[in-house]
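Peer 1: Listed below are the residues making up each chain.
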Amino acid sequence: MIDCGNQIDTQTHKKVLNIFSILLNKPIQGVINIHPAYNSLMLSLDNNVDILDVVKKIKILISDNAFIEKELNRSIVNIPVCYDPSIGPDLMRVCELNNLTIEDVIRIHSSKKYLVYFIGFTLGFPYLGHLNEKLHTPRLDSPRIKVPAGSIAIGGNQTGIYPFQSAGGWNLIGKTPITVYNKDEPSKSLFQMGDEIQFVPINIDEFNKLNEI
Amino acid sequence: MRFKVHRSGLQTHVQDKPRDGFAHYGISPSGPADIVAYHHGNYLVHNKINTASLEITLFGPRIEFLDAGYIAITGSKFLIKINDTDLLYNRPIKIEKGQLLDIGSAIEGARCYLSIAGGIDIEDFLSSKSTHLETGVGGLDGRALKKNDIVNCLSNIHKSDYKKIKVKYDLNRSKILINKGLQHDFFSKDDWKIFLNNEYTVSSKSNRMGIRLESGNKLNKVNDIITEGIPLGAIQVPPNGLPIISFVEHQTTGGYPKIANVISADIPKLGQLMPGDKFKFELIDFEQAIKHKNEMNVLLNKLHD
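Those protein sequence lines, which keep their order, are chains C and S. Numbering-wise, numbering that gives the first Met the number 0 puts 156 at position 157 of the first sequence, and it's gapless, one number per residue. Numbering-wise, numbering that gives the first Met the number 0 puts 268 at position 269 of the second sequence, and it's gapless, one number per residue.
Bound-form chain S, shown alone (with noise of 0.2 Å):
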């Protein structure tokens, strides 16, 4: 199978797992903004576990395939015609020789996946083919898809039952579940009662890199720290008192102080996001983040099957 791109779209590009063990070289894992999401996609077209797929983010590509096969688009509903027929979500779909899929804009979160069977077939970057588009590297050159792009994919064998799974999407972007950061009591109480009061509205400079977010209400100055490791979920604190979420494709280190860390079962949420949303920060204790944190890997344990 292989494809044409006909339109890349806004950020269109090649994930597969995190490129997890590289951390000491400078370089954070990356990987897809929705594991749920993207796990998803590969469990419904037979895909082995961790198969590279494409993560589209607001506004879609057009793609011509070249090939017959199946695909499944999982993860936040899009305006998708294929041949100008609307298209079934979080389903196989087979493909005809030319047909023609226009993904347009977002309708309901940031991102949705369009995994392919087999799986697309480009070299690995230090064991993963996860693109990292801060440091340009993996994926297809290190870049998002563009116009003309011609991608291959490996072929397999298509079963053609059904894999049926309810996979329930949790698409209440309004809270974020948080535990407490390293460095929470460089801050005071009034700051916590601010950070936790605020509703934050996500900054439309937020990329995979950091999610900015915005407020009226600005947290207090706190001094720098000697620079540290940054966890995926952290949620760092600059000068100008508005919190950055590091995301999938982070610094590996850095200086601001940490007030708190988005819980492991929220960060396939984050990567809903949307420019313009408004959610608040909900603190909980580490036993009841462990908990939501096993009902996540529940969940993908059975994608994994």
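Same shape as in the complex, but just chain C (with noise of 0.2 Å):
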């Protein structure tokens, strides 16, 4: 595990960022995965190394590289969503609870660009800072078996996508109609960690010409 600070901002993700790249980059042998996160980076080793002289290695490659402050590449990534409670099934959930109306919800979500601090928990799914506290809406008390892929949703502090189909417990708030990520060459999906997400409100006749193509 590697410690790159004690919260979660924008200076401590670019130090991770960083690290990652050059992990990335300059691949140390008997190293296999590596999870980025908000505040660290776990490696998770080959069996058959010496955990020892990984570490050692690990250490130099980032004290050698550490002063290297990379520019960062940030790309701003448009993600068209429909808002609306017939694909959106917990929007009115998260208006009630939050005393604000479909058109505030809408405009306070996608009034701001998320960072993507990583992509973590399940295939492609990206943790985005920082939601406007007037969105802070309590995850679902049971989670939903499945939450079909594309959906947009809020949970607790957070807002996220998710890309596939999966189980989730976040109150979902509207759908984007395109494919946000390509599973079969994740490198080559719209957004990486370290990007910008921009929500743009579309309608739901939009939603479904888009659907469509």
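Quick caveat, the hints were computed from the structure, so don't treat them as lab data. No incorrect hints appear here.
To give an idea of the interface, some chain C residues facing chain S are shown, with a C-beta separation under 7 Å as derived from the structure:
| no. | residue |
| --- | --- |
| 1 | 37 |
| 2 | 119 |
| 3 | 120 |
Covered stretches of chain C (in silico footprint by chain S; criterion: 3 or more residues with CB under 8 Å from a CB of chain S, positions within the stretch not fixed):
| no. | stretch |
| --- | --- |
| 4 | 22 to 35 |
| 5 | 43 to 51 |
| 6 | 123 to 135 |
| 7 | 158 to 168 |
| 8 | 174 to 185 |
Since the structure is predicted, the reported quantities are computational estimates derived from the model, not experimental observations. Idealized CB from N, CA, C, for every residue including glycine.
Two chains, two frames, some hints: make the complex.
Peer 2: Shown next as structure tokens:
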């Protein structure tokens, strides 16, 4: 485990992203998986390697490259979202619990860009920061067994996209008609760790039109 | 060689090597739950290392072989008949066209492996054929086998010699060895006492993602952590105080504190835990864990010959 700080902020994220790209570009033999997160990176190692030896190599690699502050190359990714109770079954719940109208929720949710801190939990699931406090909504008491692919959701103080159908306990407030994640070639997906996502509201007719393509 | 599925069994799916290298895209490696039994099977039928086999769980499939070939079954013992005759374990078996293999209930541990000479022939997904059932990718359309599936295998030139090897399966599942976890100090001395003295029961809600444990003695609630990476074998403690062991299809990240970690050498044993099994955790130090790991590697390296 590589610790990069003790809080969730963009400065810590930059450190994580920097170390992540070092490890990805100069792979260390024996490191088989990298799990970047908000303020840490967890590495898993091959069973056949000398753990202490690999740890030493990682330390050297990171300290050699620590001061090379790479210019971050952030892409801004527009993702169309239809916020509608017919495809966002918890939209009304989010409105009621926060005393907001549907228009308020749409306006607040789509009024800022969200940084993709990392991809985790399940394939292509982006951990996004930072959701406006007015939209914080507790997770569902009992998680859904099937959340449809493309659902946009709010869970506590976080917001995210379910790229594929999966189980999930977050509030579904809308859906994107586009495929956001390339599961066969994840590196060619719409967004990567470190990018920013801008949700663009569309109406149900536009959704249906795009959904047909 | 091809085979047809007449009955799928509880959960029968294709596994080859773990899908390493993609955790940063949110997908855990998956792969065989009992890596020793899996490699043993491929060894017996002269397959190359990491050839795709079937992982069979608790209650097995009924399969008709549409061509002749060789197979081996390794891992836990199940009630198995081939054309109504009992089948021998842990050795290569010649199969004639049209023979029926019926794998019934597990009688020892949770899983066995059916290795077919040549190996199962399906497309790779992110450089592995392993099914990730939770995500619905890899293997055969990301799912377990179902009735009427016809599965193709590659043919290999079978060498009829029988590679003898002694594989000692550790069948004692009453004890699982652990090292301290990253958040071990979140838990009080009393909690550690409960944790190590508890006899835990494997819940029927367990799956390849996580092995859920039950006990009357729950651990005290401790704070969540900032979401971070989760390794295979991590023992997480959610707010209800009942530990979950992350298994081969685990989430790549999570926010529950990790009290301990199952040592690498005991991971294959996790794959044989059956619902209702009772066991205790035993804490050992890091050096001992490495020793156990090296012993396992000696065996695995022999199986890779």
